[in-house]
Structures are given as C-alpha cells and as structure tokens.
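Chemist: So the protein sequences, as listed, match chains A and B.
For the first sequence, our numbering assigns the number 1 to the initial residue and increments by one for each residue that follows.
For the second sequence, our numbering assigns the number 1 to the initial residue and increments by one for each residue that follows.
For the record, the hints were derived by calculation from the structure and aren't laboratory data.
Just so it is clear, CB atoms sit at the ideal spot from N, CA and C, and this is done for glycine as well.
Be a bit skeptical, because a hint or two may be false.
Lysine-lysine pairs mimicking DSBU-like chemistry, simulated, CA-CA at most 35 Å apart [said to hold, decoys possible]:
| hint | chain 1 | residue 1 | chain 2 | residue 2 |
| --- | --- | --- | --- | --- |
| 1 | B | Lys143 | A | Lys59 |
| 2 | A | Lys258 | B | Lys143 |
| 3 | A | Lys254 | B | Lys143 |
| 4 | B | Lys240 | A | Lys258 |
| 5 | A | Lys59 | A | Lys169 |
| 6 | B | Lys185 | A | Lys59 |
| 7 | A | Lys262 | B | Lys143 |
| 8 | B | Lys235 | A | Lys254 |
From chain A, some residues computed to sit far from chain B (all C-beta separations above 10 Å) [as the list claims (entries may be wrong)]:
| hint | residue |
| --- | --- |
| 9 | Met28 |
| 10 | Asp95 |
| 11 | Arg222 |
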Amino acid sequence: MNAIGQWLMQFEYVQLLQQEWPLYLEGMWTTFWLVALSLFLGLFIAVPAGIMRNSSQAKWRLPAWAFIYFFRGTPLLIQLFLIYYGAGQFLGGADSWQVTQVDNPSAWQQIVLVLQSVWFSLCGYIWHWLQEAWFCALLAFTLNTGAYTAEIVRGSINTMPVGEIEAAKAFGMNQVKIMSRIILPSAFRRALPAYSNEVIFMLHGSALAGVVTIVDLTGAARIVNSRYYAPFEAFITAGLLYMLMTFVIVYVFKLWEKRWHKHLKPLQV
Amino acid sequence: MLDLQGYEASILSGSWVTLQVALLSLLLAMLLGIVGAMSKLSSFAPLRWLATAYTTVIRGIPDLILMMLIFFGGQLFINDFSANTNEWLNDYFSQQNPQHEWTSYLPDYIDVSPFFAGIATIGFIFGAYMAETFRGAIIAVDKGQLEAARAYGMSQWQVFHRVMFPQMMRHALPGFGNNWLVLLKTTALVSIIGLEDMVKAAGDAGGSTQMPFTFYFIVALIFLFFTAISTTLLKRAEQKYAIVTR
Chain A
1 MNAIGQWLMQ FEYVQLLQQE WPLYLEGMWT TFWLVALSLF LGLFIAVPAG
51 IMRNSSQAKW RLPAWAFIYF FRGTPLLIQL FLIYYGAGQF LGGADSWQVT
101 QVDNPSAWQQ IVLVLQSVWF SLCGYIWHWL QEAWFCALLA FTLNTGAYTA
151 EIVRGSINTM PVGEIEAAKA FGMNQVKIMS RIILPSAFRR ALPAYSNEVI
201 FMLHGSALAG VVTIVDLTGA ARIVNSRYYA PFEAFITAGL LYMLMTFVIV
251 YVFKLWEKRW HKHLKPLQV
Chain B
1 MLDLQGYEAS ILSGSWVTLQ VALLSLLLAM LLGIVGAMSK LSSFAPLRWL
51 ATAYTTVIRG IPDLILMMLI FFGGQLFIND FSANTNEWLN DYFSQQNPQH
101 EWTSYLPDYI DVSPFFAGIA TIGFIFGAYM AETFRGAIIA VDKGQLEAAR
151 AYGMSQWQVF HRVMFPQMMR HALPGFGNNW LVLLKTTALV SIIGLEDMVK
201 AAGDAGGSTQ MPFTFYFIVA LIFLFFTAIS TTLLKRAEQK YAIVTR
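If we strip away everything but chain B, and leave its shape as in the complex, we get:
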C-alpha cells in the first residue's frame, strides 16, 4: 500500500512548506497575541474595545471564510488601492504639468502569493486565540509580586523577565500548546487557496496514481508525527516552567 511511485519528493517538499507556514504564522500569531493581550489590559478604552472586537469577530467566524476573505478580498483591495493611487497621483501631476506622461507609481497588478496570504490569515486568526491565552496568563500573575519587585528597585524590564515572564509562561503554556496544535492542523486549509503544501501534493499525486487514499493517509501520518513531536517538546517546556512543589 505504501508504494509512493516516485512522489516521495513532492510530499516531502510539501511537508516542508506546511511546516514553514505553520512556524511563520505562529510567530505572527504570538506577536499579535502579545499586542492583543496588552491592548485588552490597557487603561486606554478605545484600544480595549478594538482588541475585544478583534478577538470576538475572529473567534466567531470559521477560518476558511476568513482565509478566502483575506486571499480573494486582499487581492482585490491591494490592486484597487494601487490603481486608485496611480490615478490620483497622475491626475495631480498632469494638473501641475500638462506635459506629464502617465506613469505607474505603484505596480498595476500585484499577485498576492498564497504563501503570504496563508501566513497572514492563519497568523491573524490565531493572534486572537493567543491574545486570550496571554491575557489570562498575565492576569494570573500575582500583582503583589510585581509591586514587591518594583519596591526592591528592579527596573521595568527586570520585573518583566525575572518575575512576570517565568510565572506567565507557566499559565500560558497549556493554552499556547493547544493553540499551536490547532494552528498546525489549520495549515491544511492553505491548499484550498492554491498553495503547494503537502495536502495539495497528496491531492496531485493521488489524482495521477489513482491512489488518493494512500497519499492522504500518508499526509495524515505526517501530521500525527508533527503533533507527536510538538506534544513532547511542550511537555518538556511545561516541566521547565513548572512550579517547584515540595
């Protein structure tokens, strides 16, 4: 059953694409998550509202819809924007100077690559989930300890990385781990917007060899392999930040 008929390489390079998309969107999600969590805890109300709107809307809409919206809509938006800008700049310059020739200041057509659209979408979606996780973790750290650290004369940075961060990680890791596992599985969706990840590779291979089950099953096993590694690493990290109990 596991005769891949020469498609090993394409599945393997597809799995590398999947891994890249997953890791890069994780990075984006963490950045957005930290910003989101800070905004949700901020004392500036409009920032709080904005962050709340972000997390509520994202978590209420399926990933696939958001991905299609950003991929198809983003394409349209970027091209409309550059066309309008070109029009406007050219109008302005030809009023100034009648001899002005039409120039494309921004490219006339930008092709949004599914790779970046995928990363942007997945990062944007999971940023909302990360924001909730980080917010919970920050709240869980005892305020008195931060005040005590300030009273000892620690700088803002020292308070963060000596007191806040180690304790925050303890509370954030389980939620972070869950988010990562869900994110990893969500990357399968980028094949729908045309990225050559391992799901697409398996689809092509399965189509031409008439063995779709075999190839999708192999992709499923690769996903299980990724999840198994992640679970092991996360367990190790959780042990590292675990509370030392007597």
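Chain A on its own, in the form it takes in the complex:
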C-alpha cells in the first residue's frame, strides 16, 4: 500500500489533490445544500405558480405568466447579478436609515413615524440578508427553479385526463379536493422525468455561485487554479465531481420513477 502511495506521489496532480481535497469537499457540500435547498423552496413557488398559470381568471394567470416568462427568458447570471449587485441600489445602507426627527409630533405624525420605523427596520433586515452572497444565490436559484418547475407542473396538469376530473366532480369533490387528491398526485407522477432534468440543470446552474465569491465546487476550482496556475487539474477535478453528482441524481431519480411508476410496469408473466 505504502509503495503504491509513494509511486502515486511522484505525480504533481496527486500532490495537488492531497493538498486540496478538503477544499473540494467543502465546495461539493456547499453546492449540494445550495441546490437541495433551492429546489425544495422552489417547489413552494412552482406549485402555486403552475396552478395559477392554468387559471381561467386573468388576475391569477397574468402574474404567474409574467413571473415564469421573466425567469425563463433571462439568464440565471443576470438574475443573480440583479439580486447580488442590484439590491444595493435601493436598499444600500438600509440598516442605518434613521427615522425622521420631528419636534412635538402630532398624533397623526406619530402614526407615520411608527410606520416609517417599521418599514426601515424591515428594509434593514432584508438588506442584512442580501449582503450575504449565499443568500442572494439561494434567492436567485429558488426563483429560477420555481419558474422552470412551474412550467413543468402546468404542463403535467394540462395533460390530466378530463374523465378523471369529471369523475371527481361527480363524486361531489370541491375544487380544492380535486386539486389535492386527484390532479396534483397524478401530475407530480407525470412530471417526474421532466423534473429530473430540471434538477440536473439546477446543479449545473449552481456553478454560477462561484462567481459571487461563494466557495462551491466551482469556487473551489477557481481558488485551486489561482493558487497553482493549474487550470486543467483544477477544473477537470471539479468537472468530474459535478459529473459524479449528476450520475447520482440520475440514479436516484431512476429509483424514484420505479417506485412512482410501478403501475405502468409491464405485467410479469
């Protein structure tokens, strides 16, 4: 074993890996939780937005359409920059905004001052979070995947067999019950293959986090590259780790599909 180790150590790449593997591991962990959390939070946007997008009333449909259109039609990088760099344009220094000084305020002015201080502390609180790069990335990724997944949800709701909905109506179910018991369970099942693509897209999109100072897998590769001026070693290592994560996702979704699509399997004779 030791002999193999000694033999391996003659390669510069192995030395680099031996030095830097904790950084890559840290980056992989950051990538993992960033993607997992934004996918999870994105679902809470996607399902309502997907349902709203299908509504027959314009007041529901149009906001959902605009949200989906904007986030699917613009690059994730721009969305990230809008939040990471753009927030400061409106909220910059919000944590030190001072309530207007008024001598002997009247009752009406007092109400205004209280509202102002509530508003300022809210802005200050939001600004406090938006100064964290990871929070900006999480917000951008969540909104982005929310929009893409909403479109998937919409698509799979649209392919719902009409007969099932009619049957549910005939059973006397109301709108909410039809949605939660009949449409959504079946729609999720049909959305699964498309959703696995979205998960992989999100994993690949999360590489952008490395651009805004976050040490995810890409950030780790950039650090290694700048330390050693070794672009091949640095980026190929990161690329292989991303591929590994992609294959694990594909595998997990295959298992999941097997479970959820059991009823579609050909009969075992």
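Since chain A is already given, all that's left is putting chain B on it; use the hints.
Modeler: Below, chain B alone, put in the same frame as chain A:
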C-alpha cells in the same frame, strides 16, 4: 429609472457582441451536432464510442466549468505547445547546423481572445445537445421512405434533401429551438471570462453610476426581446415544416 446617463451606446454595442457570439456558436454547434449525430449513428464502433463520450461528458459538466477549462486551459495548452515546438525545432536545427540561431517558428506568446474562446466553448457544449436532437430527428424518419426513394433511382443527395431533410426538420425544430434559447442565455457567461458583451457593459455602467439594478434589468429586457423574436421565428419555421393534416 430608465435614465441611462450616456451608457446607451456601450450597452447597445455589448448586445451586438452577445448576438455575434450567440449566432457564431450556434453555427459551430450545428456543425458539431451534425457530425456528432452522424458518428452516433455510424456503423464504425470507435466513432460511436467517441461521440457517446462527447455527449455524455459535456452534458454532465456545467457550462461555466467547461468555459473556464477551455479559456484558461486552452491558453496554457497553446502556449506550452508552441514553446515546446520551438524548443524541439531549434534543438533539431542546431544539431544539423552549429551556427543555427534561435528562432521562434511559432509565436512565443499567443493571447487567446475571450471572443473566440467563448464561441469555441459554447459551440462545443451545444454541439453535444444538438447531436442528441439531430440523432433523434434522423431516427424518426421512416427508413422505408428512404429505401423507396433509392428504389425510384434518386441519388444520395436527392434522397437527403427531398425526403430526409424536410421530415428531419419537422422532428428537429422543437429541440433545436429549445437548444437555441438555452444557448442564447448561456452567452451571458462569456462576460465572466472577460468579453465585453452586454452583461459586462451593464456591470461597468452600473458600477460607475451606482445603478446596477437598472442596467442589469435593461440587459434582462434585451434578452427577453431576443427570446421573443426567436420564438416567433421558430414558430414560423415549425409551421413551414409542419405535417399537412387533413
């Protein structure tokens, strides 16, 4: 909010760069896609393996990593290659002739332009996606029709452009359209490797005017404009190649 403070021109010229990068990489991606699809369907196994490796590896790795690999790595590779070649040629000639003076046969330092690195990377990445799209489209064309066309005495070229191509386009267009829309948005990444596209222009303008949101929002609107035009054109193309139903 939409007072651009004199940065209209730089955003506009940036958007032209973005469009150039997008269209040129689309061209490269289509070429690679056709070659990739042909190789995947080829009867020569090593070619098939190579194409499969290409599409699997590319689709498993984020664009940004590939772009940095090709931009930083390509720079290093090209310069190492020309330095080694110079060394080797000079060694060889000075053995032949002791009076030989050191000459740089290849340039000592080549600066890889982010413009070409960007196009090469995006084209290379989307070539893999295009290969999958084209492969599916070629398979979808009924083989019997091609055989029938051959039996009518059509030449290979006639079979391709009268029977294969119109039907292939019908199957390829939706996937092609999706690839193009994703490619267009991917071009935003070239700003990271230093190309003066509209994202970079917006960043510079936003930095000096302290209005980053305004400028990035305008760039977002320009992207939406490009996507809207593309969707319209693609719809028209799909109608052109649509199957005529009774």
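Chemist: Please write out, lowest number first, the hints stated earlier that are contradicted by the structure.
Modeler: Checked against the structure, the hints that fail are numbers 1, 4, 11, while the rest are satisfied.
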